[in-house]
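Chains R and E supply the protein sequences, listed in that same order.
Those letters in the first sequence? Residues 1 to 284, per our numbering, in order.
Those letters in the second sequence? Residues 1 to 277, per our numbering, in order.
These are computed hints drawn from the structure, not numbers from a lab.
Being a predicted model, the structure only gives us computed values, none of them experimental.
Errors might be hidden in some of the hints.
[What the hints assert, rightly or not] Under 10 Å between C-beta atoms, here's a sample of chain R residues computed to sit facing chain E:
#1 Thr-8
#2 Ile-19
#3 Trp-36
#4 Leu-51
#5 Ala-100
#6 Ala-103
#7 Ile-121
#8 Leu-123
#9 Tyr-217
#10 Asp-237
#11 Arg-240
#12 Ile-274
Note that CB positions come from ideal geometry on N, CA and C, so glycine has one too.
Below are the chains, spelled out letter by letter.
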Amino acid sequence: MTSAALQTRSMKRTLDALIIAVMIVLAIGMLLPFLWLFSTSFRPTAEAYKLPPSFLPPNLDLVNYAKVFASRVPFIQIYLNSVLIAAVVTVGQLVTCTLAAFAFSRLKFKGRDALFVVLLIGLMFPAQVTILPIYLGYARIGLINQPIGLALMYLTSSFGVFLMRQFMLSQPRELEEAGLMDGASYLKIFWRISLPQLRPALSALGIITFTQTWNYYFQARVLLAKETSMTLPVGMDVLRGYLQSGSLSLVMAAMSMSILPVVLLFLIAQKFVIEGITMSGIKS
Amino acid sequence: MPTSILYLSFVLVPVVLTVILSFSYYDPMMGSHWVGLDNYTRFFTNPRSLQIFWNTLRFTFFAVTFNVSIGLILAIALNRAMPGWLLYFFRLAFFLPVIIAAAFVSIVWSYFFGDDLGVINYFLRLVGLSNVRWLTDSGMAMTSIIIMDVWKNTGFFMIIFIAALQGLPKPITEAALMDGTPPWRQFFRITLPYISPVVFFCIVYASIGALQVYESIVILTKGGPGDATRSLSILIVEEGFGSFQIGYAAAISVVMTVIILIITGIQQMLSRRWVQR
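Let the hints inform the model, and build the full structure from the sequences given.
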C-alpha cells in the first residue's frame with residue numbers, strides 16, 4: 001500500500017472520530033427536552049420556572065407525582081382509558097392483520113390482488129376525511145365519549161396488513177405446503193406453522209400499533225371530549241389548562257408517567273421497532 | 001373476513017360519505033339539502049380559508065424539506081463503523097422524539113419557546129443575544145413550529161436512510177474510494193442516485209404527515225397569533241365540530257385528501273419511470 005493511501009486512511013479515521021463526536025453532542029441536544037421534563041417533574045412547584053433550567057433531577061422526591069393523583073383531573077381514569085384503547089387496538093390489529101395477510105399471501109381467491117390494491121389505497125386517507133361520518137354515526141348509536149368507540153375505528157389497518165404480508169412473502173412456504181399435503185386444515189397450518197415464524201413481525205407490528213394508538217390526538221379529541229372518557233394526550237392539555245402556571249412540575253410529573261410505557265417499550269425492544277419501521281419504509 | 005368489514009365500515013364508507021357530505025348542507029334537525037359546489041367555492045374564495053390553506057402548504061414544504069434533508073445528513077454521518085452501545089445510544093436519542101406523542105412534546109416545547117421564562121431565550125441571553133418571541137410573533141411562530149417538527153420527525157427519516165445506505169453495494173463505494181473520487185462527488189454520482197427511490201418515498205411520506213399537522217399547532221399557538229399558524233386540520237375541527245358546518249368541513253377534508261392523492265400519484269408515476277430505466 002502506498003504512503004498516500006495510508007495517509008488518506010488515517011485522515012479518514014480522524015474524520016470519523018470528529019463526526020461521531022459532533023453527533024454525540026447533537027444526540028444529547030435531542031434528548032434535552034426529555035431531560036428537562038423529567039427533572040422539572042421533581043422540582044418543588046415554587047421553583048418550576050426558575051432559571052437556569054434544570055436538566056438533572058434535583059432530588060427524587062415523588063411529591064409532585066402524588067399531587068397529580070389528588071388533582072381535579074381524573075388522571076387514573078384517563079390513564080386506564082389509554083391503556084384500554086391501546087390494548088384492544090393492539091390485540092385486534094395483530095389478529096385481523098395477520099389473518100388478512102395470511103389470506104393475501106398464501107390463499108388464492110378471485111380478485112385477491114384487486115382487493116389488496118383497494119386496501120393499500122386506504123393508506124392514503126387521513127383521519128380527517130373519515131372522522132365526520134364516523135362522528136355522526138357514533139352520535140346516533142351512542143358511541144361518542146366511549147373509549148371503546150375510538151378503539152373500534154382502529155381494529156384493523158392497511159399498514160398492518162401490508163407489513164405482515166411483506167413479511168410472510170419473505171418466509172419459505174415449504175412447511176405449509178407439506179402440512180397441506182398431510183391434510184391439515186388452513187386454520188391448523190396457520191396456527192401451528194405460520195404463526196411461530198411470524199414472531200419478529202408480530203412484535204414489530206404490536207409495538208408500532210401500541211405506540212401509535214397511545215399517541216392519537218386528533219381522533220381522540222373529537223370523539224372523546226368528556227373528561228372521564230379522555231385519553232392521555234388530550235388529558236395532558238386539559239391538565240395543563242387546569243393547573244395554569246403555578247404547577248408546571250405537576251404537569252411534567254403527569255407527563256413522565258404518560259410517556260413511560262412508550263419509553264420502556266422502546267428501550268427494551270428498540271431492535272423490533274427499528275426493524276419494523278425500515279421493513280415497511282424500504283419495501284414500499 | 002373481519003378485516004374487510006372493518007375496513008369497509010371505518011375507511012371506505014366514511015370516505016364516500018364525506019365526499020357526499022361535501023356537496024350538501026347538513027342539518028339533522030331542519031333537513032339537509034344539496035348545495036352543489038358551494039362548499040368548495042366558499043373554501044377557494046374566502047381569504048381566511050385561503051390563508052389557512054397557504055399556511056398548511058408552506059408548513060408542509062419547509063417541514064418536508066428539512067426533515068428529509070437533515071435526516072439524510074444525519075444518516076450519512078452515522079453510517080460508519082461504531083461500537084454497538086454507541087449505535088444504540090444514537091438510535092435512542094434521534095428516534096425517541098419520533099415515538100413520543102406530538103401532544104406531549106409540544107407541551108414541553110411550549111416552555112422552551114417561552115418569552116421571558118423560556119428555556120431557549122435563557123440561553124440566548126446567556127450568550128448576549130436578545131429574546132426571540134418564538135410563538136407570539138406572527139412572523140416567527142410558523143418557523144418555531146417547523147423547528148419543533150424537524151426535531152420530532154427527522155430521526156424517522158434518518159433510520160430509513162441508514163437502512164438504505166447499508167444496502168449500497170460495497171464494491172462500488174470502495175472502487176470510488178480507491179480512484180480518489182472526492183466524497184461529495186461520490187455522493188452525488190453514486191449514493192444519491194442509488195437511494196433516490198427511498199428519498200422519494202420519504203418525501204411523499206413526510207408530505208402526507210405534514211399536510212395533516214394538528215396537535216403541535218393546537219398546543220403551541222392555538223393557530224395564532226391571528227391566523228398565522230392555523231392549519232387545515234384545525235379548520236376542519238373548528239368548522240365541523242365547533243360551528244357544525246359539517247358540509248363545509250367535509251369539503252375541506254376532501255381538498256386535503258385530493259392533495260395527498262396527487263402527491264402519491266406523482267410518486268407512483270415517477271417511481272415507475274425509475275424502474276423502467
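To see whether the hints hold, each was checked on the structure:
Residue-level restraint check for Thr-8/R holds (minimum Cβ-Cβ distance to chain E is 8 Å; threshold 10 Å). With 10 Å as the threshold, the beta carbon of Ile-19/R comes within range of chain E, its nearest partner Cβ sitting at about 5 Å, so the hint holds. A distance limit of 10 Å between C-beta atoms decides the matter here; for Trp-36/R the minimum to chain E is near 7 Å, and the interface restraint holds. Hint status for Leu-51/R: holds, given a least beta-carbon distance of 5 Å to chain E, under 10 Å.
About 4 Å separates the beta-carbon of Ala-100/R from the nearest beta-carbon of chain E, less than 10 Å, and the hint is met. Satisfaction of the interface hint for Ala-103/R is found here, the shortest Cβ-Cβ separation to chain E being roughly 7 Å, below the 10 Å cut-off. Given the 10 Å rule on beta carbons, the hint for Ile-121/R holds: about 9 Å separates it from the nearest Cβ of chain E. The interface hint given for Leu-123/R holds, since its Cβ lies 9 Å from the closest Cβ of chain E, which is under the 10 Å cut-off.
Nearest Cβ of chain E to the Cβ of Tyr-217/R: about 4 Å, under the 10 Å cut. The hint holds. Annotation: Asp-237/R was flagged as interfacial toward chain E, and the flag holds, the nearest CB pair being 6 Å apart, inside 10 Å. Against a cut-off of 10 Å between C-beta atoms, the interface hint on Arg-240/R holds, since the closest Cβ of chain E lies about 6 Å away. Taking 10 Å as the C-beta cut-off, the interface hint given for Ile-274/R holds, the closest approach to chain E being about 6 Å.
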